[in-house]
Amino acid sequence: MSGVFSPTRAKIKERTLRTDKWWLQPLLTFSVLISFVIYATFRAFENDNYYKDHLISPFYSPCLSEACVPEATINGFTPVSATILNFALSPALIILIFPLGFRMTCYYYRKSYYRSFWMSPPACAVAEPHKKYTGETRFPLIIQNSHRYFFYAGLVLNVILTYDAVISFKNPEGEWGHMSVGSLVLLVSSTLLWLYSMSCHSCRHTIGGRLKNFSKHPVRYKLWSWVSVLNHSHQQFAWFSLAAVAFADIYVRQVASGAWTNFYFF
Amino acid sequence: MARNIKLRIWRGDSTEGGLKDVVVEANEGEVVLDVIHRVQATQMGDLAVRWNCKAGKCGSCSMEINGKPRLACMTQVASFGEEETITVTPLRAFPIIKDLVTDVSFNYKKAMEVPAYEHPANLAPGEARMEQIDVERSQEFRKCIECFLCQDVCHVVRDHEENKKSFAGPRFFIRIAELDMHPLDTLKNRKKTAQEQHGLGMCNITKCCTEVCPEHIKITDNAIIPMKERVADIKYDPIRWLGTKIRKREGL
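Heads up: the sequence lines are chains A and B, in that order. Okay, so the first sequence: first residue is 1 according to the working numbering, each after it adds one. Okay, so the second sequence: first residue is 1 according to the working numbering, each after it adds one.
Keep in mind that the hints were calculated from the coordinates and are not lab data. Predicted model, so just to flag it, every value in this text is computed and none were measured. Check the hints yourself; a few may be wrong.
In silico lysine-lysine, DSS-like type, Cα no more than 27 Å apart, as pairs [stated by the list, open to error]: (1) A/LYS131 with B/LYS54; (2) A/LYS11 with B/LYS218; (3) A/LYS13 with B/LYS98; (4) A/LYS216 with B/LYS143; (5) B/LYS165 with A/LYS132; (6) A/LYS21 with B/LYS68; (7) A/LYS132 with B/LYS109; (8) B/LYS165 with A/LYS212; (9) A/LYS21 with B/LYS218; (10) B/LYS245 with A/LYS216; (11) B/LYS68 with A/LYS11; (12) A/LYS111 with B/LYS20; (13) A/LYS131 with A/LYS111; (14) B/LYS143 with A/LYS222; (15) B/LYS98 with A/LYS216; (16) A/LYS111 with B/LYS143; (17) B/LYS245 with A/LYS212; (18) B/LYS192 with A/LYS212; (19) B/LYS165 with A/LYS13; (20) B/LYS6 with A/LYS13; (21) B/LYS188 with A/LYS216; (22) B/LYS188 with A/LYS21; (23) B/LYS235 with A/LYS216; (24) B/LYS218 with A/LYS13; (25) A/LYS11 with B/LYS164; (26) A/LYS132 with B/LYS235; (27) B/LYS245 with A/LYS111; (28) A/LYS11 with B/LYS165.
Bound conformation, chain B alone (with noise of 0.2 Å):
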């Protein structure tokens, strides 16, 4: 059964903007974007928003609704008090291009930053044999659609711009969790790196990338926090240091 509802959309760009309200017909089992879509089409034109599946699964429909980072498309309508405005704006800790379109390209220098995966040199191509408890930590990892909600809601990067050179943020740690991890990868030194280039100290774990991430991938009990541990054991811990000195291994 149709209804409507009360909505406050931030329009603007890099000079200006501000929240106008609006009010929408939702039908039931609809989401946010559905109705922002519907808005777009009888009310605001020329309103700017990203998407692209619908599906929860291409990432693109990234924003703040009732300022939470979630997905406009998995957001149900319902899921709000009949007389609840909901309030949508872009990703704030990005540079806003449109209304509620943000500039991410700050993820992909990021992204070019991780060193790629390193193939063993006595290995070619198609030889690599791995069995599924060695890459089963990996694969959850790779359930990441890049939405990007980690990123924007990680305080070290949205509440301190200035901390953007130094850090690489959570959607590019489980990426390097994922390499460290991968039984067959040879770079040296990811775990330092990690440290020093990419500001993994700088995470103090409060885990709101896990708690945003709409594929529920435990991100700071799976990937920050093993290895913050990987990194204390070539950096903070003498003895397992020694260890490696001793027997001239960076892991097992």
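Just chain A, with the same shape it has in the complex (with noise of 0.2 Å):
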């Protein structure tokens, strides 16, 4: 007997006496979790409708593979194989390795899946079911430690979605100065991961709270201070970024299939 139950604690049978709705969070934590896993694998493996009219998903997007549709690869640069081992690789597959990682060892969403996968616990004074804790000391959630490396790599990812986004302001000709739906998602989308990636504790870290003297760096204080006031809202961040990026890639897979006509505003 462990925990709550131990010998020397006073003597409460109950896991928790908790009166209010606790298991709903997690409930619908893991609800939408693995509605987007899912989602995500089943986009991934497609390797169909990523592309259509200067419109690209961000589940493809740099695309990389040899198998990549011309115009959705940046300047025909392809130095990944369309096959591994005779199997077709996605192109997906190659760059979401990257997102993935970030919001794996993002500090909001460890929070998120600890709780409503694991249990660890499910809800603040409900006890656990594991019998035995190393929290992240071991392998293979020391891994969480490399959250900054995954920050990095989002970083350029970034640059290269906001490229998609702008690039989207042409018409199906090719001719600039042109919005569409399409562009407006790929504009919001992008710019709710600046939004998660800016407001990141590893970006806070950084930029500036590694610093024991704040007084000798005026700028990157200045430059923490901003970042804070981001990461008070860093949990809506990654809530709305990952939203926002589902529904870009819903938005051109329906565009792509021919499900849906992409609306030109001029």
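Got two chains here, separate frames each, mind docking them using the hints?
Written out as structure tokens, the structure is:
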């Protein structure tokens, strides 16, 4: 008997005496995250419907495989083979590891999935079901300490996705100065990804948090203050950017497959 | 206007115990500690409860109210439904002494294990000068009233008694962060010992400590995560590690 049922503690047989709906939050988080994982896995392996008229899905950008639609590549740069061990390699699989790693090691998502998937703990003051606990001290969870490297990779991807949003302001004939629903969708998605990245705890640390004397580094202190403001909303940016990226992919897929027409405002 | 409310209070000691139902009068504006005192005065004369300031500043009346770690003096009776039974138990992470009183000496042992501030050798007392922006981060952590609600709710020790020997807990992570961020503290290896001796790596940042803090200290965002990042600088980031070796300094 361990934890709240240890012999020295007050003899209470319930795992928790909370009377509110403490299970609702982890249930919702689990449902949303598992839905996203299933959809993203399907899309990563679909290897189709990711490009149409200067709109490219964020799941497939940058498109680095020889199998990519030529228009979806960056100046024809395709260093990765189309197959691996005679199996077709989806271009999404090459790059999704980086945003996946960034979100998996994100301090906010860690809280979310430790609570909702691993029930460690399921909610505050609700006893967890595990007999042993070593936290993030051992493999594989010690890898969470590499979050900053995924953050750096995320910044590179943000630049590319912003570029994708910019070129979506072309019409199908390639002329600049046109705006469609697709442009708007990619613009919102890339903006939210920037906000999610810039509000990241590793960003806050890198930009100034590691300093001991702010007064000796006034510029970094100012930047740290701004990132700290964004950091308050990191949770919201995490969810909004996830939803925006998923919707951007759905939108491009529907347009590319011909199910939806990309409406041009001008 | 006074009304009768239903309370369930845990009574017992280290050998046995259970929840006892009582009905007690509550006046408008009263807090849970007020009605516990009324029960003590009228129905359970030997009820043990620890309290002191009744103003949310001493951290004495920590207990669990409807399963949530809270200060009894800061929990309004009116925040519960009129027909709701309010369940009051002792903190469930610490050994029970009697009724609502637990033995929180674990926290004092952990406090002694955190090395104190080390003043620069070349500065005599009174000569130290610091700018406000250099100390404001640490000042947030000085608001701690040592109610130990964060220690109580932390599942690392609440759910795993065996971790108590190797885990300091959120209250002491803010103490370590306060010192590590102090512009004049000269003690070396504070980050390393935070990870290797105080168990910082065991925290999986589920933020319950922040949720229960009556002083609204952002324990996780402003202390634990920054400390985890500082530990990553010296232990898990090869480029940073190389940088510190070349430039021969632990921090900036």
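Of the hints stated earlier, which fail here?
-> Result: hints 1, 2, 8, 12, 15, 22, 24, 27 break, sorted rising.
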